[in-house]
Amino acid sequence: MKYIISIIKPGKLDDVREALSGIGVTGMTVSEVKGFGRQKGHTELYRGAEYAIDFIPKIKVEVAVDDNLADEAVRAVASAAGTGKIGDGKIFLLNLQEAIRIRTGESGSEAL
Amino acid sequence: MKYIISIIKPGKLDDVREALSGIGVTGMTVSEVKGFGRQKGHTELYRGAEYAIDFIPKIKVEVAVDDNLADEAVRAVASAAGTGKIGDGKIFLLNLQEAIRIRTGESGSEAL
Amino acid sequence: MKYIISIIKPGKLDDVREALSGIGVTGMTVSEVKGFGRQKGHTELYRGAEYAIDFIPKIKVEVAVDDNLADEAVRAVASAAGTGKIGDGKIFLLNLQEAIRIRTGESGSEAL
Amino acid sequence: MISSHLPFFKEARTGFLALFFLSLPSVSHAEGLDSGDTAWIITATALVLFMTIPGLALFYGGLVRTKNVLSVLMQCFAITALMTILWVVAGYTISFGEGNAFMGNFSKAFLAGVGPDSLSGTIPEILFSMFQLTFAIITPALIIGAFAERMKFSAMLLFTGSWMLLIYSPVCHWVWGGGWLMNMGALDFAGGTVVHINAGIAGLVAALVLGKRKGYPNTMMMPHSLTLSVVGASMLWVGWFGFNAGSALAANGTAGMALAVTQISTGAATLAWMFAEWIRHGKPSVLGAITGAVAGLVAITPASGFVGPMGAIAIGAISGIVCFISATTVKRALGYDDSLDAFGVHGVGGLVGALLTGIFAAPALGGYAEIPGIGGQLWIQFIGSAATIAYSAVGSFILLKIIDKAVGLRVSEEDEVTGLDITQHDEKGYNY
Amino acid sequence: MISSHLPFFKEARTGFLALFFLSLPSVSHAEGLDSGDTAWIITATALVLFMTIPGLALFYGGLVRTKNVLSVLMQCFAITALMTILWVVAGYTISFGEGNAFMGNFSKAFLAGVGPDSLSGTIPEILFSMFQLTFAIITPALIIGAFAERMKFSAMLLFTGSWMLLIYSPVCHWVWGGGWLMNMGALDFAGGTVVHINAGIAGLVAALVLGKRKGYPNTMMMPHSLTLSVVGASMLWVGWFGFNAGSALAANGTAGMALAVTQISTGAATLAWMFAEWIRHGKPSVLGAITGAVAGLVAITPASGFVGPMGAIAIGAISGIVCFISATTVKRALGYDDSLDAFGVHGVGGLVGALLTGIFAAPALGGYAEIPGIGGQLWIQFIGSAATIAYSAVGSFILLKIIDKAVGLRVSEEDEVTGLDITQHDEKGYNY
Amino acid sequence: MISSHLPFFKEARTGFLALFFLSLPSVSHAEGLDSGDTAWIITATALVLFMTIPGLALFYGGLVRTKNVLSVLMQCFAITALMTILWVVAGYTISFGEGNAFMGNFSKAFLAGVGPDSLSGTIPEILFSMFQLTFAIITPALIIGAFAERMKFSAMLLFTGSWMLLIYSPVCHWVWGGGWLMNMGALDFAGGTVVHINAGIAGLVAALVLGKRKGYPNTMMMPHSLTLSVVGASMLWVGWFGFNAGSALAANGTAGMALAVTQISTGAATLAWMFAEWIRHGKPSVLGAITGAVAGLVAITPASGFVGPMGAIAIGAISGIVCFISATTVKRALGYDDSLDAFGVHGVGGLVGALLTGIFAAPALGGYAEIPGIGGQLWIQFIGSAATIAYSAVGSFILLKIIDKAVGLRVSEEDEVTGLDITQHDEKGYNY
Ligand SMILES: Nc1ncnc2c1ncn2[C@@H]1O[C@H](COP(=O)(O)OP(=O)(O)O)[C@@H](O)[C@H]1O
Ligand SMILES: Nc1ncnc2c1ncn2[C@@H]1O[C@H](COP(=O)(O)OP(=O)(O)O)[C@@H](O)[C@H]1O
Ligand SMILES: Nc1ncnc2c1ncn2[C@@H]1O[C@H](COP(=O)(O)OP(=O)(O)O)[C@@H](O)[C@H]1O
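Protein chains in written order, with our numbering: chain A, 243 to 354; chain B, 243 to 354; chain C, 243 to 354; chain D, 90 to 521; chain E, 90 to 521; chain F, 90 to 521.
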């Protein structure tokens with residue numbers, strides 16, 4: 243199984259969710275993060291002084307998927323989140339050793 | 243070492259924390275996330291239109307544990323967080339290569 | 243590639259960001275978390291009753307780096323975040339299988 | 090028939106005494122209108138409305154958990170709208186219609202005969218009816234603090250609406266509308282019994298009938314925004330000038346003194362609670378300071394037109410300490426879940442104030458009321474309080490039981506866990 | 090020349106009638122000043138300012154997304170400052186200078202001749218000019234609801250500033266400053282046409298000229314803090330006493346009745362919207378309740394000095410239902426993006442109120458105005474509304490087009506996505 | 090003894106002049122009471138209290154970091170309570186007791202002899218004492234802006250309490266209570282010296298004695314909620330009508346003009362700061378606009394009963410620009426940490442206003458005061474300001490040093506990092 247962490251633009255969450263659902267991913271976890279990559283932040287003003295704010299709001303989407311769905315899931319996220327502009331985000335793929343569904347105690351890919 | 247990511251119901255944090263402390267886990271990191279699995283969200287109303295909100299507030303608990311504690315930790319979380327109802331959450335187990343305690347520079351299982 | 247998760251003190255983010263930039267890390271993702279380790283929390287008062295709050299606000303910094311930068315990155319974080327006091331935080335190192343830059347579709351270390 | 094512009098009358102022992110006589114159907118004599126008094130009571134009406142929305146709404150709203158903030162705001166807002174219509178229809182006439190010793194008759198239903206030219210003392214009667222309306226709004230709104238975070242919105246509307254007509258309005262008539270307590274000489278300048286004891290007891294009964302919130306008292310249920318609560322408490326403080334000094338129904342020395350003792354009692358109660366907590370827990374909490382302020386405001390309410398600055402310090406300090414104990418130690422010991430301390434502060438503070446009014450109104454203690462000796466007045470105050478407690482307790486209990494049968498009082502456990510905002514209104518307080 | 094302290098005059102059919110005569114350069118006769126009336130109008134001025142900052146600012150600010158909250162607050166705040174200066178310079182004299190049937194002359198530019206001793210009726214003219222200023226502030230501020238989340242700050246200043254001078258002030262003159270609508274007998278006690286129709290139409294035109302927000306209507310654009318919006322709506326409600334009862338320009342029975350019908354209409358409209366939504370969607374929303382309240386406040390505005398409690402219930406209930414439909418079904422059907430329903434509530438509610446005034450002002454229906462029969466008055470009300478709609482629509486369109494050419498109305502798409510707070514002001518509303 | 094209801098007296102050059110004479114123990118002559126004036130001053134008292142809680146509390150509270158928001162709200166709230174009691178005990182009599190040129194005697198300690206029937210001019214003296222109390226509350230509350238985020242709560246109580254009695258009350262006596270500055274002819278209608286210079290200087294001294302916040306000026310210390318600050322600034326603006334127009338102590342033309350110039354100066358200052366920043370930094374900030382408004386309010390305060398609209402525009406515009414420079418460039422250059430610009434806005438703005446009053450009060454420049462020529466008056470204004478600066482600086486320094494020895498002024502570094510909310514009050518502002 244794979245654990246896929248995607249950092250995307252805030253406005254793209256709905257598209258990504260739909261793309262993933264479309265390929266049969268039935269669960270996911272999202273959170274609000276801030277980050278920077280090539281995309282730079284903005285300036286904020288305080289009492290006449292300007293401060294550079296490096297970090298930009300992003301959404302982090304985490305999904306655990308079965309190995310055979312992993313590539314497809316990555317592609318789904320990439321195409322749903324992509325605009326071709328700087329700041330589109332990144333996808334990180336980690337190896338997932340085990341998954342457990344708390345309610346039933348199922349484990350492995352059955353738990354996803 | 244293992245890195246255990248658990249997605250639980252917001253009201254279960256205290257129970258999970260106690261269960262983990264009970265088996266000797268001395269640290270953990272939690273954050274607020276939103277997610278969905280089998281459990282569906284709710285409806286919100288705006289100007290007479292109803293919007294389906296897919297995501298449900300959840301708590302993400304991350305603990306790094308020594309290999310020999312891993313199974314026990316998973317069981318502890320599962321039993322503390324479980325209510326048998328939909329939405330109980332999931333546990334994901336990843337392999338942890340290295341851990342460092344910043345204060346002392348200790349690494350490996352000593353750092354946990 | 244490695245996926246490095248660091249839990250640091252809120253006031254140390256700027257130092258850590260600079261330290262990482264200094265060694266050539268060009269992107270990172272941060273989020274607000276709460277946690278505890280050896281450092282204990284505080285007390286809150288409500289209607290004359292005192293409640294122990296275990297969790298302390300921390301910042302979680304995630305960076306994906308090429309293998310050859312990993313050690314240096316860990317050291318950079320450790321020295322920038324360290325004050326020698328309890329609560330300095332932890333660094334966790336996971337194996338990263340794949341990284342994709344959404345905008346361009348680049349993958350592997352080119353995507354970092 | 091006594092003319093209301095005689096000076097002594099404006100300073101009469103019961104703030105609203107004038108009304109009983111003057112609210113009789115009367116030919117227009119706009120020459121009796123005093124523009125200064127009218128100016129002040131228009132303002133006071135705005136201030137007391139401001140106490141409920143947004144004042145009380147924020148005070149209470151800040152104290153609940155995030156998932157219930159809108160439900161509290163909505164309850165205050167909907168109560169404001171509902172009471173307005175019910176008051177016009179029947180509340181005003183039950184309270185201030187001629188009637189008998191127990192309730193007014195229906196001669197003023199739908200504000201019949203209350204045109205722009207009818208006077209109540211030196212102000213337009215239509216204005217008087219609106220000033221009184223703001224009291225009929227805030228009193229049921231106070232009760233919601235006792236059952237916050239678990240009552241159905243529909244049940245809440247039914248309960249507060251019927252309660253205002255059947256409990257509040259009669260008690261209002263007893264004390265201010267020419268009823269038996271007024272005739273007995275009970276002193277209640279701005280609503281210690283009518284408003285605070287009345288609402289506090291109804292709250293206690295509601296808290297008992299509904300039962301505790303799931304998780305209480307083991308789970309921490311921290312206020313989601315003390316910031317909002319401080320703002321709300323501040324607005325209550327400022328708005329209370331309208332409540333107390335407005336109850337003079339004139340812009341005169343009695344109003345000035347009512348304002349002063351309100352300010353002084355509140356200051357004293359804030360400090361009293363703050364230092365009591367500081368001594369007992371090592372730190373003064375913000376929640377303590379603002380609740381202390383409300384306790385002081387509540388306690389001075391019945392006394393405000395009758396006592397002087399020294400009486401105000403005493404009433405404030407005593408109420409601050411007593412309410413501190415009642416909202417912390419006593420509540421915890423007895424185990425009922427009065428979510429936001431509607432009873433612990435309004436019920437207890439109102440009782441403290443009603444009784445102390447009998448003491449500090451005495452000229453010998455710096456007061457300004459003609460009373461039949463402290464003992465005698467205390468007895469009258471006790472009767473007034475006891476009658477209000479009994480009527481409010483029994484009446485509220487009956488209403489709650491009927492509504493429970495009819496539509497159910499409490500949301501399901503699952504809805505309570507999810508929060509009232511989503512389950513009752515399909516909305517959330519914040520979407521940051 | 091009619092002296093303004095004759096009783097009948099204070100209750101005159103048009104609240105500001107007195108002013109046309111009395112704002113002529115006059116020798117100081119401070120003996121004519123009534124301290125009670127003055128006390129109330131000072132307070133009313135404070136209340137109406139309070140409606141804009143922080144009232145409307147919070148109501149609107151809560152409804153936008155987090156990234157735009159400051160832009161809304163800033164627009165309200167900057168409008169307050171800008172209108173103040175423009176009103177002193179020219180707005181007041183265009184509105185209330187002698188002039189002709191269409192606009193005032195420039196005799197009072199820079200408040201010339203308006204010293205502490207000049208009177209307007211029974212109050213200082215300088216106070217009257219400031220009371221009126223608060224109307225000239227809130228009217229353009231209402232418009233911003235229509236184009237929220239997408240207009241440049243610079244363009245907003247140019248538009249609202251020129252609009253106040255060229256659209257608002259002349260219409261104000263027509264209705265209150267001795268212009269043609271006043272002479273025709275149009276009833277607009279506190280600004281149904283001048284304020285609400287005027288602002289609502291300008292908002293609709295602006296929403297159409299600027300186009301929809303990116304993502305509208307498919308993306309959810311939830312209010313970032315309904316909590317703030319409830320606070321804002323509450324402040325509007327309370328402040329509206331200044332608006333309507335203040336428009337009596339005296340502390341008398343008319344003011345009292347204006348306050349009462351304001352309260353009653355608002356209560357009725359809140360309940361009407363709430364129950365309508367409850368029936369239609371199964372739950373009563375908080376946003377619905379507070380918007381209903383605003384609808385009721387808007388609709389009673391032109392009627393407030395002329396109708397009685399029963400008229401107020403009718404006007405409130407009707408406006409609540411009509412605005413519910415206009416801000417939900419109609420807006421959705423027509424597809425324009427009136428972000429915060431400036432048109433759907435103020436435009437539509439103002440129109441409903443203006444027309445219903447012609448009906449419920451009739452003494453036969455419990456009203457207090459001498460009108461030439463309901464049909465005749467309705468026709469006059471229709472003329473007044475139509476003229477305001479036409480002038481506001483055309484004038485606003487021209488101004489917007491000119492400003493678009495000059496500096497551009499709309500921020501870039503990227504700036505819209507990022508949010509106006511960062512892109513227009515380099516700040517954020519919250520740094521938790 | 091001059092009777093205070095002579096017209097010219099109400100417009101007297103010093104707003105509170107009447108009080109010195111009239112606050113002498115006097116027999117009750119309630120016939121001298123004016124209900125309109127009383128109505129307005131009750132309202133004004135509410136408005137000025139509203140300025141501190143919640144106005145200033147929100148303005149300051151929004152500007153600090155999340156971890157300190159409650160500490161600021163609590164300081165404002167506790168100050169309100171503490172000053173109330175201290176004022177009753179001794180502050181009022183030190184300020185307005187007969188005494189000598191430097192301070193009042195103790196004849197009115199505990200408000201002795203101030204019953205509901207004693208008058209001060211045309212209003213009850215008890216009301217006058219409460220109106221003045223609200224000034225004695227806000228002045229120490231202003232100071233906390235200078236030492237926010239680092240002072241112990243206990244030390245704060247000791248400092249503000251002793252400061253009010255020993256610094257504020259005497260200066261109040263000098264200027265308004267019949268003291269030497271009043272006799273010299275210093276013009277301070279509503280508190281340029283007494284309130285703003287006084288508090289601003291005390292703040293500067295406190296900022297210097299306590300030292301900078303850890304991390305200042307390198308770390309960004311962004312306001313945690315500009316939203317709250319805009320609300321607070323708006324409330325200050327509205328409440329300031331009570332401050333300035335209330336200082337006329339009557340509902341008359343002077344009050345009307347004071348209100349007008351307050352509004353106009355604030356509008357001008359807001360625009361001045363906004364455009365200055367727009368030009369200098371390319372964008373107008375919200376923090377700039379609201380701070381500009383406060384600067385304009387501060388600067389017009391001493392002038393408000395004496396200048397006309399044109400003077401107000403000048404005073405507003407100048408103070409907006411000067412305070413913009415003082416709170417940005419100058420503060421940064423000198424390096425002291427006046428956390429929320431208590432000195433940069435109130436001290437500097439108060440000084441600008443005090444001096445410009447000497448200029449624009451001249452009838453030749455549209456003012457309404459009888460002054461001994463602009464030069465002569467400027468000299469008097471300079472003396473008044475200099476004396477206040479000297480007394481406040483030295484006195485505040487001594488008090489701070491004593492308290493530092495006694496209990497320590499500053500929290501530990503660790504507590505400062507954790508935040509004052511948790512360390513001083515065991516609470517948090519938000520639990521979302
Ligand atoms: N090396 C990295 N490690 C962790 N997160 C990263 C890294 N690089 C980028 N990110 C995250 O991805 C987000 C989007 O990056 P982006 O600016 O689009 O990168 P690029 O320009 O390289 O495509 C960033 O805001 C950050 O949160
Ligand atoms: N495949 C997944 N990947 C990541 N997170 C998941 C996944 N499935 C579920 N979750 C997380 O777990 C939470 C609880 O899931 P739940 O609805 O209880 O699943 P189930 O009904 O399968 O037990 C979800 O809200 C989501 O945050
Ligand atoms: N075993 C663990 N698993 C996950 N997170 C941990 C663990 N131990 C510590 N943390 C995180 O690191 C933060 C800092 O820990 P700290 O108290 O400094 O640990 P130590 O005292 O061991 O150095 C904690 O608040 C928590 O968020």
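Any given hint could be a false lead.
[Claimed, not checked] Derived lysine-lysine pairs resembling BS3-like cross-links, with alpha carbons at most 30 Å apart:
1) B:Lys244 - C:Lys276
2) A:Lys244 - C:Lys327
3) F:Lys303 - E:Lys301
4) A:Lys327 - B:Lys327
5) C:Lys327 - B:Lys276
6) A:Lys244 - C:Lys244
7) E:Lys301 - E:Lys372
8) D:Lys490 - E:Lys372
9) D:Lys372 - B:Lys282
10) A:Lys327 - C:Lys244
11) B:Lys244 - A:Lys244
12) F:Lys372 - C:Lys327
13) F:Lys490 - C:Lys282
14) C:Lys282 - D:Lys490
15) D:Lys301 - F:Lys494
16) F:Lys372 - A:Lys276
17) D:Lys372 - F:Lys372
18) A:Lys244 - B:Lys276
19) A:Lys276 - B:Lys244
20) A:Lys276 - E:Lys301
21) F:Lys494 - A:Lys282
22) F:Lys372 - A:Lys327
No lab work stands behind these hints, which were simulated from the structure alone.
Against the structure, the hints come out as follows:
Only pairs whose Cα atoms come within 30 Å are accepted, and lysine 244 (chain B) paired with lysine 276 (chain C) is accepted, the gap being roughly 20 Å. Pair hint lysine 244 (chain A) plus lysine 327 (chain C) does not hold up; C-alpha atoms about 37 Å apart against a cutoff of 30 Å. A distance of roughly 47 Å separates the Cα atoms of lysine 303 (chain F) and lysine 301 (chain E); the hinted pair therefore is violated under the 30 Å criterion. A C-alpha spacing of about 43 Å is found between lysine 327 (chain A) and lysine 327 (chain B), which places the hinted pair above 30 Å, so the restraint is violated.
For the suggested pair lysine 327 (chain C) and lysine 276 (chain B), the alpha carbons sit about 33 Å apart, so the restraint of at most 30 Å is broken. Note on lysine 244 (chain A) and lysine 244 (chain C): the hinted pairing holds, with a Cα-Cα distance of about 15 Å set against a maximum of 30 Å. With a C-alpha separation of about 28 Å, the suggested pairing of lysine 301 (chain E) with lysine 372 (chain E) holds against the 30 Å cut-off. Restraint check for lysine 490 (chain D) and lysine 372 (chain E): satisfied, since their Cα atoms lie roughly 24 Å apart, inside the 30 Å limit.
Restraint check for lysine 372 (chain D) and lysine 282 (chain B): not satisfied, since their Cα atoms lie roughly 44 Å apart, outside the 30 Å limit. The straight-line distance between the Cα atoms of lysine 327 (chain A) and lysine 244 (chain C) is roughly 26 Å, inside the 30 Å bound, and the hint therefore holds. With a C-alpha separation of about 15 Å, the suggested pair lysine 244 (chain B) and lysine 244 (chain A) falls inside the 30 Å cut-off, and the hint holds. This hinted pair does not check out: lysine 372 (chain F) and lysine 327 (chain C) have alpha carbons roughly 42 Å apart, beyond 30 Å.
Our distance criterion of 30 Å between C-alpha atoms is broken by lysine 490 (chain F) and lysine 282 (chain C), whose separation comes to about 35 Å. For the given pair, lysine 282 (chain C) sits about 48 Å from lysine 490 (chain D) by alpha-carbon distance, which is inconsistent with the 30 Å threshold. Taken as a hint, the lysine 301 (chain D) and lysine 494 (chain F) pair is broken in the structure, with Cα atoms around 49 Å apart against an allowance of 30 Å. With a C-alpha separation of about 25 Å, the suggested pair lysine 372 (chain F) and lysine 276 (chain A) falls inside the 30 Å cut-off, and the hint holds.
This hinted pair does not check out: lysine 372 (chain D) and lysine 372 (chain F) have alpha carbons roughly 44 Å apart, beyond 30 Å. Of the supplied pair hints, the one linking lysine 244 (chain A) and lysine 276 (chain B) holds, its CA atoms being roughly 20 Å apart against a limit of 30 Å. Distance hint between lysine 276 (chain A) and lysine 244 (chain B) is fulfilled; the C-alpha atoms sit about 26 Å from each other, no more than 30 Å. For the hint linking lysine 276 (chain A) to lysine 301 (chain E), the alpha-carbon distance of about 29 Å falls within 30 Å, and the restraint holds.
For a cut-off of 30 Å, the pair hint linking lysine 494 (chain F) to lysine 282 (chain A) is broken: about 49 Å separates their Cα positions. Only pairs whose Cα atoms come within 30 Å are accepted, and lysine 372 (chain F) paired with lysine 327 (chain A) is accepted, the gap being roughly 26 Å.
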